[in-house]
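**Q** Residue strings, one per chain:
4 protein chains.
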Amino acid sequence: MLRIGILTSGGDCQALNAAMRGVVKGLATNVDNLEVYGFFNGYRGLIYGDYRLLTSRDFSGILTRGGTILGSSRQPFKLMREPDENGVNKVESMKSNYYKLSLDCLVILGGNGTQKTANLLREEGLNIIHLPKTIDNDIYGTDVTFGFYSAIDVACDAIDRIHTTAASHNRVFIVEVMGHKVGWLTLYAGTASGADIILLPEIPYSEKKIIEAIDKRHKEGKGFTIIAVAEGAISKEDAALSKKELKKKREKESHPSAAYRIAKLVEEKTGTEARVTVPGHTQRGGSPCPYDRALCTRLGSAAAKAIMDQKFGNMVAMVNGETKLVPLEKVAGKLKTVDPECQMIKEAKRVGISFGN
Amino acid sequence: MLRIGILTSGGDCQALNAAMRGVVKGLATNVDNLEVYGFFNGYRGLIYGDYRLLTSRDFSGILTRGGTILGSSRQPFKLMREPDENGVNKVESMKSNYYKLSLDCLVILGGNGTQKTANLLREEGLNIIHLPKTIDNDIYGTDVTFGFYSAIDVACDAIDRIHTTAASHNRVFIVEVMGHKVGWLTLYAGTASGADIILLPEIPYSEKKIIEAIDKRHKEGKGFTIIAVAEGAISKEDAALSKKELKKKREKESHPSAAYRIAKLVEEKTGTEARVTVPGHTQRGGSPCPYDRALCTRLGSAAAKAIMDQKFGNMVAMVNGETKLVPLEKVAGKLKTVDPECQMIKEAKRVGISFGN
Amino acid sequence: MLRIGILTSGGDCQALNAAMRGVVKGLATNVDNLEVYGFFNGYRGLIYGDYRLLTSRDFSGILTRGGTILGSSRQPFKLMREPDENGVNKVESMKSNYYKLSLDCLVILGGNGTQKTANLLREEGLNIIHLPKTIDNDIYGTDVTFGFYSAIDVACDAIDRIHTTAASHNRVFIVEVMGHKVGWLTLYAGTASGADIILLPEIPYSEKKIIEAIDKRHKEGKGFTIIAVAEGAISKEDAALSKKELKKKREKESHPSAAYRIAKLVEEKTGTEARVTVPGHTQRGGSPCPYDRALCTRLGSAAAKAIMDQKFGNMVAMVNGETKLVPLEKVAGKLKTVDPECQMIKEAKRVGISFGN
Amino acid sequence: MLRIGILTSGGDCQALNAAMRGVVKGLATNVDNLEVYGFFNGYRGLIYGDYRLLTSRDFSGILTRGGTILGSSRQPFKLMREPDENGVNKVESMKSNYYKLSLDCLVILGGNGTQKTANLLREEGLNIIHLPKTIDNDIYGTDVTFGFYSAIDVACDAIDRIHTTAASHNRVFIVEVMGHKVGWLTLYAGTASGADIILLPEIPYSEKKIIEAIDKRHKEGKGFTIIAVAEGAISKEDAALSKKELKKKREKESHPSAAYRIAKLVEEKTGTEARVTVPGHTQRGGSPCPYDRALCTRLGSAAAKAIMDQKFGNMVAMVNGETKLVPLEKVAGKLKTVDPECQMIKEAKRVGISFGN
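Chains as they are written, first to last, in our numbering: chain A, 58 to 414; chain B, 58 to 414; chain C, 58 to 414; chain D, 58 to 414.
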């Protein structure tokens with residue numbers, strides 16, 4: 058007899074269903090009398106007791122389906138200790154629902170914020186297993202998160218399509234890739250799709266260097282330039298401002314988005330037409346790629362093992378090609394960002410990609 | 058012995074290469090001593106004598122390649138009779154280059170604007186064959202234009218991806234589909250992807266009706282709504298304004314784009330979070346879909362026959378499943394728009410799709 | 058109050074779910090107290106009373122899903138009048154189940170064989186609406202069947218992938234495309250993917266002509282050749298045999314499949330390595346393409362209208378871009394084959410494609 | 058001044074062009090007076106002096122293109138020391154052409170066999186850099202080879218499509234995945250696509266266990282079963298035979314291919330219809346997936362660095378997320394096979410996948 062709860066929290070992402078299927082298949086194949094309670098819309102379902110007893114039928118055929126059959130919501134970590142608008146103590150409410158159902162373990166799928174709350178619940182005494190979900194790949198302690206490679210495929214497809222049209226029209230094209238704080242997705246999608254300039258939050262750019270890179274291509278007879286820019290890319294000037302100053306500056310700009318800022322810069326300084334594409338939430342949607350599906354089957358299966366072995370309080374990570382349990386207390390609250398001096402950046406620069414610095 | 062010139066003009070589009078391959082293969086297989094002159098960057102190449110003698114090798118392997126090997130540019134029809142900034146008479150210059158190369162025919166691939174100039178050159182005495190290219194499907198006299206179905210695939214893929222994430226988060230998602238004046242692309246992509254609301258330039262929308270459609274879904278227990286909106290979708294109020302008044306109004310708006318206007322409306326009136334996706338020029342790029350490739354092979358082959366039969370002054374159209382020659386003088390300058398009372402609109406309404414009217 | 062039954066019969070195909078969704082949405086939006094009974098596994102469910110009352114929830118989210126939520130089976134028309142192994146009279150049993158549920162109409166999705174049984178049930182007095190499903194596009198009375206364009210996409214993707222590897226290795230590649238009696242799928246997929254030789258059931262091939270076409274390419278410096286061959290392609294010699302003689306001959310062959318026969322021929326006569334690819338049932342599976350989804354939404358919506366208008370005994374067809382009701386008695390039992398002299402064949406030949414004749 | 062030669066050898070594979078582009082871009086960006094000689098059709102071009110001086114234009118736009126712009130051929134390692142049919146000493150001829158062009162380094166892209174010859178040329182004194190190409194992922198000393206993840210995508214797509222049709226018809230479907238000696242591709246594609254049974258060359262299967270696994274699914278109410286079988290999968294009985302005995306046995310079988318053997322077994326023992334799909338060479342063709350393109354840009358860039366640093370005699374590997382030089386003498390001739398006791402196999406078994414053992 059085993060009773061587990063499961064929830065998906067935070068921004069949407071491919072392969073959430075695949076990961077849940079892995080966990081439940083891993084348990085159902087090996088445990089008699091398994092009960093799985095699915096909480097709806099992330100921590101919200103756990104707080105307000107919105108759940109359903111799921112059957113194996115619920116997990117059948119969902120390996121390739123995008124989204125999450127449980128729904129999701131964003132519940133900021135910093136408000137978790139605050140009462141809600143009706144005075145409900147969220148943490149106590151979550152604990153209460155956990156114990157009411159006599160859960161042996163709560164499986165939580167989510168990104169950095171989700172992980173912090175998962176760790177908080179662990180500190181409060183609940184048995185927690187966390188699976189690292191995010192298209193941003195910014196979770197500390199795992200080589201890769203699920204959703205990352207699926208999102209690369211989408212962003213890369215957008216840049217690929219833009220490539221043909223850019224070449225036909227001799228324009229500068231700017232594709233805005235998701236990532237406010239970290240640039241993994243932009244770095245990989247940009248490298249994979251042959252972007253000429255890649256702008257990351259971790260490497261503040263010089264406007265002059267961007268123009269120089271475009272000019273250099275013109276001189277080499279290449280009429281078009283593709284720029285992959287992360288949502289959180291920032292100029293050196295802006296990076297030097299205080300938070301308050303930056304906020305003021307942004308409010309004055311007609312297009313408070315990185316891609317449009319670059320487009321304006323390019324048109325003003327080079328006279329070349331610049332066009333912006335914003336794949337937006339398509340990067341979080343659709344079927345997970347095969348990589349993510351194999352990854353999630355492995356992570357889910359390893360999570361099932363951890364639960365059966367009662368090794369709680371861990372994130373199931375992928376490290377050097379092997380699944381591994383990593384204590385939540387060691388990783389919660391940490392962010393894995395792109396090191397501007399890392400090997401991959403050097404390799405990309407060597408083949409001529411400019412990072413605007 | 059046959060000498061033809063070929064050029065691609067106007068906005069980029071899939072299957073331009075496939076269509077050119079069709080024409081050249083159709084001629085090369087049947088004509089001895091074929092010479093094909095490719096003019097670069099649309100009419101610009103014809104005006105300024107920028108061309109190259111192409112070999113069959115140039116057309117090998119391009120069936121699936123997006124963009125155009127000849128490059129393109131937009132040359133507004135209304136400026137064609139005007140001299141350029143150096144005083145060059147464009148029409149005379151095009152004629153002069155045509156005769157200098159002793160061309161038997163000039164093959165022109167392009168949309169509505171391109172077609173008008175093609176007809177002008179026909180009136181000036183040149184032998185012209187036109188192929189109907191545009192993702193907008195708005196060319197009069199043909200059932201379908203090439204690029205249209207490829208663009209549907211791209212727009213549809215975007216909406217499909219959004220679907221999963223919309224369902225997980227109970228949001229309203231607005232996807233902006235290309236089309237300033239005509240809504241074919243939005244109509245087909247929206248219908249094919251199961252959009253709940255479709256907004257077209259041809260059917261001015263009532264803001265109230267949009268909100269009602271969203272509310273109706275909420276009442277049916279559906280937390281999310283997908284809106285496919287054409288770039289040129291317009292409210293009844295705005296449609297009633299004069300051009301000048303509308304321009305003034307747009308200048309005051311922070312987001313002068315249809316999708317952002319709808320998003321603002323939804324957030325203000327329903328309180329539901331609304332997110333915008335702009336696939337943009339991805340809708341023009343990448344490999345043509347198989348439909349367009351078969352279509353272009355047929356159109357190209359029929360163009361080759363028209364040239365060999367010396368039936369000039371025609372567009373090669375697809376009508377009721379058969380290729381057909383349609384006199385340019387009968388179609389140039391006409392636009393094929395969506396009739397709000399057409400069968401497909403009625404069928405879409407019958408399955409519950411709202412057109413906001 | 059309206060009660061309808063629905064079933065999907067025959068070989069699997071994309072967009073069956075999309076078509077059913079169209080019918081049910083079309084009715085549910087316009088009819089109060091709609092009851093939809095889904096019969097499982099084709100006519101088998103109707104014969105043996107295996108059905109379930111479906112809700113609109115069953116049809117939600119299935120627009121893009123391959124396969125059929127009702128299951129399918131093949132029930133040969135010629136055995137319909139025969140009792141089954143337990144002596145059950147199939148036709149009477151189907152009528153009995155129809156009347157027991159007081160159905161107003163039975164909606165049947167299927168191909169040629171299915172259509173014949175649908176017509177038989179019409180003759181027996183049932184109210185029937187038929188939707189034309191098949192990847193073969195061989196249903197008489199409609200320009201296109203659903204599944205056809207999705208299957209083209211799959212077959213075309215296979216040939217596209219083969220193209221790159223064929224070019225790298227200077228081999229002859231033979232891709233076997235589905236179609237025992239008709240060649241529409243092979244014709245379109247082959248044309249769209251730039252196959253060099255296309256072999257159809259309707260055009261018996263000369264082995265000599267195939268070898269000549271390969272040799273011609275070699276002489277032109279093209280080391281590889283792609284052959285798209287329909288399952289039912291046949292040599293002139295074999296086409297001249299009686300059914301009995303042909304059966305005997307096939308039994309002696311080690312690979313009784315068209316593609317392998319061509320491969321053997323090529324290797325023996327040209328010395329070039331030949332490789333066979335059999336996409337097989339992948340051509341029937343996966344998500345329907347946007348074309349088919351828009352088509353099925355239209356056909357389904359038109360079927361709903363026909364039911365509400367009580368215009369029974371019809372197939373819902375697509376003719377010249379408009380949906381249309383076609384009496385079953387006029388089309389049942391007829392097959393739409395490729396006319397060897399049709400415009401598209403001529404166009405394909407003009408661009409250099411050989412049909413081996 | 059730097060002169061390099063480059064060649065692609067062995068079975069075709071995605072991302073060969075991407076890898077070459079990486080090497081040449083990495084060098085061209087950093088070296089003045091670079092000369093790149095491309096040898097055609099693998100070692101054959103090096104042996105017979107069939108090459109061309111390439112320009113950076115040749116490497117432009119090939120990042121996403123399948124196949125190899127240089128062509129390839131299989132040149133068995135064991136025949137390398139043998140004279141050819143005209144008495145030409147192959148090794149001496151390769152050395153002679155290398156020195157004639159005063160090459161500083163020869164870059165060789167290929168799999169295991171290619172690597173052995175690369176190592177032989179290294180032993181003969183040539184400066185060699187090897188890049189690990191194969192869809193089989195069986196090269197010792199690197200975590201991953203390029204082509205592997207692209208091939209997974211293709212095989213996985215085939216199984217995904219089969220899934221919908223299998224579910225509709227209650228059949229057993231057998232998909233034959235490439236891999237004669239190693240099962241990595243089948244293991245990953247099977248896991249990623251939710252195959253129920255996976256058969257690998259490294260784990261001889263028991264026919265009884267396969268039937269038991271199918272029966273178990275039937276008892277659980279699942280009417281269909283998907284089997285992913287590697288080309289080289291073998292039964293325990295056959296694995297116990299001598300090479301000679303096995304060859305004899307195969308010759309008697311009508312379908313000497315793993316998938317057809319399994320199909321026959323299933324039909325005979327379960328009475329369920331079994332269908333075979335053979336994606337074949339499609340697994341080697343088409344555009345590389347984004348993963349492979351980023352990988353190849355990195356490997357190519359690292360190869361360029363190795364050449365500039367004069368670190369010859371190495372394979373450029375990817376180990377734990379970093380590129381790394383691995384001496385050819387340490388890895389040539391070794392094969393990386395699937396360990397039946399490895400973590401991933403255990404994880405797959407835990408979620409209910411049967412390996413037939």
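Please note that the accuracy of each hint is not assured.
Repeated chains share a single entry, so a pair holds when one copy, or any two copies, can fit it.
Calculated pairs, DSS-like style, for lysine-lysine (alpha carbon to alpha carbon, straight line, at most 27 Å) [to be verified]: (1) K276 to K387; (2) K403 to K293; (3) K321 to K152; (4) K406 to K238; (5) K309 to K321.
Hints were generated in silico from the structure; no laboratory data involved.
Computed from a predicted structure; not experimentally measured.
**Q** Now tell me, hint by hint, if it's right for this structure.
**A** Structure-based check of all given hints:
| no. | hint | verdict |
| --- | --- | --- |
| 1 | K276 to K387 | neither (51 Å within a copy, 45 Å between copies) |
| 2 | K403 to K293 | within (20 Å within a copy, 50 Å between copies) |
| 3 | K321 to K152 | neither (51 Å within a copy, 39 Å between copies) |
| 4 | K406 to K238 | within (21 Å within a copy, 38 Å between copies) |
| 5 | K309 to K321 | both (14 Å within a copy, 19 Å between copies) |
The structure is inconsistent with the numbered hints 1 and 3, although it conforms to all the rest.
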